[in-house]
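All chains should be built: construct the whole structure from the sequences, respecting the hints.
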Amino acid sequence: MDNFKKNIEVIKNGKANLYGKDFLLTWDKSAAELEMIMHVAEALKNLNAENISTKCFETGLAVSQFRDNSTRTRFSFASAANMLGLTVQDLDEGKSQIAHGETVRETSNMISFLTEIIGIRDDMYLGAGHTYMKEVADSLEEGFKEGVLPQRPAVVNLQCDVDHPTQSMADLLHLKNYFGSLENLKGKKIAMTWAYSPSYGKPLSVPQGIIGLMTRYGMEVELAYPEGYDLIPDVLKVAEKNAKASGGSFKVANSMEDAFKNADIVYPKSWAPYSVMETRTKLLYANDKDGLKDLEKSCLTNNAKFKNWECDAEKMKLSKNGEALYMHCLPADISGVSCKEGEVSKDVFEKYRIETYKEAGFKPYIIAAMMLTSRFNDPAALLNMMKERNLKRILG
Amino acid sequence: MDNFKKNIEVIKNGKANLYGKDFLLTWDKSAAELEMIMHVAEALKNLNAENISTKCFETGLAVSQFRDNSTRTRFSFASAANMLGLTVQDLDEGKSQIAHGETVRETSNMISFLTEIIGIRDDMYLGAGHTYMKEVADSLEEGFKEGVLPQRPAVVNLQCDVDHPTQSMADLLHLKNYFGSLENLKGKKIAMTWAYSPSYGKPLSVPQGIIGLMTRYGMEVELAYPEGYDLIPDVLKVAEKNAKASGGSFKVANSMEDAFKNADIVYPKSWAPYSVMETRTKLLYANDKDGLKDLEKSCLTNNAKFKNWECDAEKMKLSKNGEALYMHCLPADISGVSCKEGEVSKDVFEKYRIETYKEAGFKPYIIAAMMLTSRFNDPAALLNMMKERNLKRILG
Amino acid sequence: MDNFKKNIEVIKNGKANLYGKDFLLTWDKSAAELEMIMHVAEALKNLNAENISTKCFETGLAVSQFRDNSTRTRFSFASAANMLGLTVQDLDEGKSQIAHGETVRETSNMISFLTEIIGIRDDMYLGAGHTYMKEVADSLEEGFKEGVLPQRPAVVNLQCDVDHPTQSMADLLHLKNYFGSLENLKGKKIAMTWAYSPSYGKPLSVPQGIIGLMTRYGMEVELAYPEGYDLIPDVLKVAEKNAKASGGSFKVANSMEDAFKNADIVYPKSWAPYSVMETRTKLLYANDKDGLKDLEKSCLTNNAKFKNWECDAEKMKLSKNGEALYMHCLPADISGVSCKEGEVSKDVFEKYRIETYKEAGFKPYIIAAMMLTSRFNDPAALLNMMKERNLKRILG
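Protein chains in written order, with the numbering used here: chain A, 1 to 396; chain B, 1 to 396; chain C, 1 to 396.
One should not assume that every hint holds.
Because identical chains share one entry, a pair is satisfied inside a single copy or across any pair of copies.
[Unchecked claim] Only pairs whose alpha carbons sit at most 20 Å apart, straight line, appear in this in silico SDA-like list of lysine to any residue:
1) Lys145 / Glu350
2) Lys55 / Gln151
3) Lys251 / Asn262
4) Lys6 / Lys202
5) Lys358 / Thr103
6) Lys21 / Gln151
Derived by calculation from the structure, the hints in this document are not laboratory data. Since the model is a prediction, treat every value here as computed from it, not as a measurement.
Here's what the structure looks like:
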């Protein structure tokens, strides 16, 4: 049985159903639901590799709203929409009337008359991003029930203050591919560690997403950061609970070296302390520019105490056989390349550079799978239909 | 006979032909032409509801040029283009060389080599928007005749200084749907009234569009505003003439209460006085920032005298059985929601909120109908072909 | 044999193969390769005129990166992508993380997972644009070889510091069409001359592109400019070599009048001196705003000495029978229209205005041909397939 058939079998037998549902947090989803997403992503990748079109919408919009800069996710979202036949329409607050006080409820409906998917990145304000996405979802729900919208668009979280599911799921698919299977991940140690960066205010959603997801696959997840660089406490509870349920473990430590010891995978990545993000959010809302400058200054000073939190060759030697897989959501702060001193040394990054590119390469398919499963009741049947239809993506 | 067939029958028998024509002002169009637009819009809505693709272009561009902010119309235009198979390409003056003095004539041709539709919003400058659209249309006409363009793109007015036909036509379709038929609108009283807003400089095109269109359907149209808040005189003449021809009436008054009395429909909406818009246009052209600030200040002071021009529960009681239909082009200035004191009270808006969303929901289909009728010689045949082809919009 | 068939015959017999190749400079391409591009462009234009769809991608992205303003090329690129079925996704440095130091290598891969074409305009910095495009191409090559990318997107130069091949090829197709054949261009004199403009810093790529391409067709190419307004020396060498090989000639002079004498074609167009562009690039990199202001001032003062370098009726009389074809890449600085004194007089421009529009009209097809030939191994077979498939671009 070829890979495509295997994927379809798993989807069929999975009993998961994501039809009509938003994708906001991985920990709101069942194991079967996450497995469905991964297999649909793989099936789409298979079809693409065979030059078989995966277009399943003749027309329809996929709205993207980026409340923070983005290149990778923007292109992944555009690729995902395109491979299913949807057209991306940007909701740009700069251009739109949202900036002038229009309510979320109203705008959500106004942009959705012929919309299938709304992808949102909103990671700047702690306590706000996830809340905003739920508000949009509720507004769409009401609009659909009241007959305003002929269909209920699904919301896909393209990064919020709490989770970054399209990243963590792509990372998981990369691990599955790298180690051969999800089963093989059991017992593997992953070190999700803070790393030094000369910038400040990086979101918490990547480390939170990783500990919230990887703990579900029986892995030994170790979170390490300098004292004070805490994540949102609720997410740590999620990770603990997940680890218990999956037969893995979850540990928090304050040493990069300890975390790297015997690790199969390392994920060194900078973030701002939870408490700083809270303060920053308040200052941003208050438009307190001086306060923000002071905060940035004090944070950078504090960061600078931890310049030794760099993923270098020396620390990599501590990992399993000195050959742990290095992961990053990109772009990394590479010492001597993109900054003087950063998250990772030049030589370590170069060794794993191509792997990090491949890691990123799963994202368009993960997003497409989230879109597809939210809009089609029977993804297995749909994928089979695509295969049988055998419409060439590139003519010839 | 189902709704779709009824629509097709009316289109066939209507003897209207909009092929190759721009859509700039509703009062340039015959009754039969407007009726065709509405029926095509309804037919497209029917097909969409049945998951039948309305794609009629394999490729082709729909250019949009927004010289003022827009969310609703931008998404309606994108949805309309998409449902017909056209790809939106934005002409952004910020990005483009128009900002550097390039002539309208040249740009109009340069963006049109493979373009079917050009949608323009240009409502900032009194005396300029409609004129600009005609210039674009003339340039396209010349380009087509001279063999520069293989086809003559049609210009669609997405709001100018004079009219807002995609809004007023969507409003009319909403009324038709709400009251059951165009016939049923005869004798109904609609109060198009000014309303207080804490902002200034809102365009005149919505009230002008409403009085210019609704007077054609035998309605009793009453325009009410505080002294000095006049509209463009020529449009009032159009409304008077229309009312006479249709057996309806057109009246101008200075009392919101009087206008609401016995009204079947109320449309309370802020706008700037005609004379202010003239002054403002001169100041904008002269780039006189101090003058603009002074003007804004004096206008807001004047506006503030009319805070009682709010659509509240008390005034709604004056309407027919206290149950007039409230309309708005959105976003409304809602007292206690989007501003302290505004066009409409919170409770009145909330009661009709879903209705205003539905009102807006007709716009993508109205725009698509304007596009379709300008590019296809026999819309009835085309719509029938779509129905028979029965290509699923969403696969499955 | 009709035109379409003739085009296909030439493509078939041409033995050129551009599959998998970037299009950066015309002088990197063989005569057969350029001929293939032109014939594919003409075939696409034929099919479009017959309402036959030229869609050959069901899905896929065409990324555009404009590092300088653009209307014409932006729309030409969008039209080209659209006619082949590709969706344009903009890489906007303002929006993206490139602005924050991300390496070219990484971004090139991140935007390319489902991308077929990357079109780049980068003409601001002398020594940088062409170099950047090669870097992108090398990154894509690596990504494809390492299995990061399932396909190798082709880079298309939409204007760099050295060449502007989509412009010069469109110009050549215009000449072929105007004079009846490429053969007919032999012995024709083309005057590529500097012209006065009240602006400064215009790129060198148009005149360089013209002398680098037109010298290949046996033409008498005369480049004329005021002393000091030199182009990049290497490109002059290319032009000399080409002229020798094709049996034409290449001459550099310092008189507009001399260049116009007996010319069959004149192409008067402003540019900044090579040395100024070098200085400007250094100042731009150093972000030296005062230096840039001083440079602009001194350049404009110098420009002003050459206001007589205007293409006017008097000079046109010097040309072959006083009837040389006037060419321009648009927008032209037209005296008394877009500026007080400029590149061309109002009457001369008006006489040839429609011709310059037609000249521009070849660009979308040239770009589409560059895209198509880089992605399809057998363009002749593909075009025949399109013709036989006979899918209507506009339904009906």
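Results for each hint:
| no. | hint | result |
| --- | --- | --- |
| 1 | Lys145 / Glu350 | between (52 Å within a copy, 16 Å between copies) |
| 2 | Lys55 / Gln151 | both (19 Å within a copy, 19 Å between copies) |
| 3 | Lys251 / Asn262 | within (14 Å within a copy, 71 Å between copies) |
| 4 | Lys6 / Lys202 | neither (39 Å within a copy, 59 Å between copies) |
| 5 | Lys358 / Thr103 | between (40 Å within a copy, 16 Å between copies) |
| 6 | Lys21 / Gln151 | within (12 Å within a copy, 33 Å between copies) |
The earlier numbered hint that this structure contradicts is number 4, and it is the only one.
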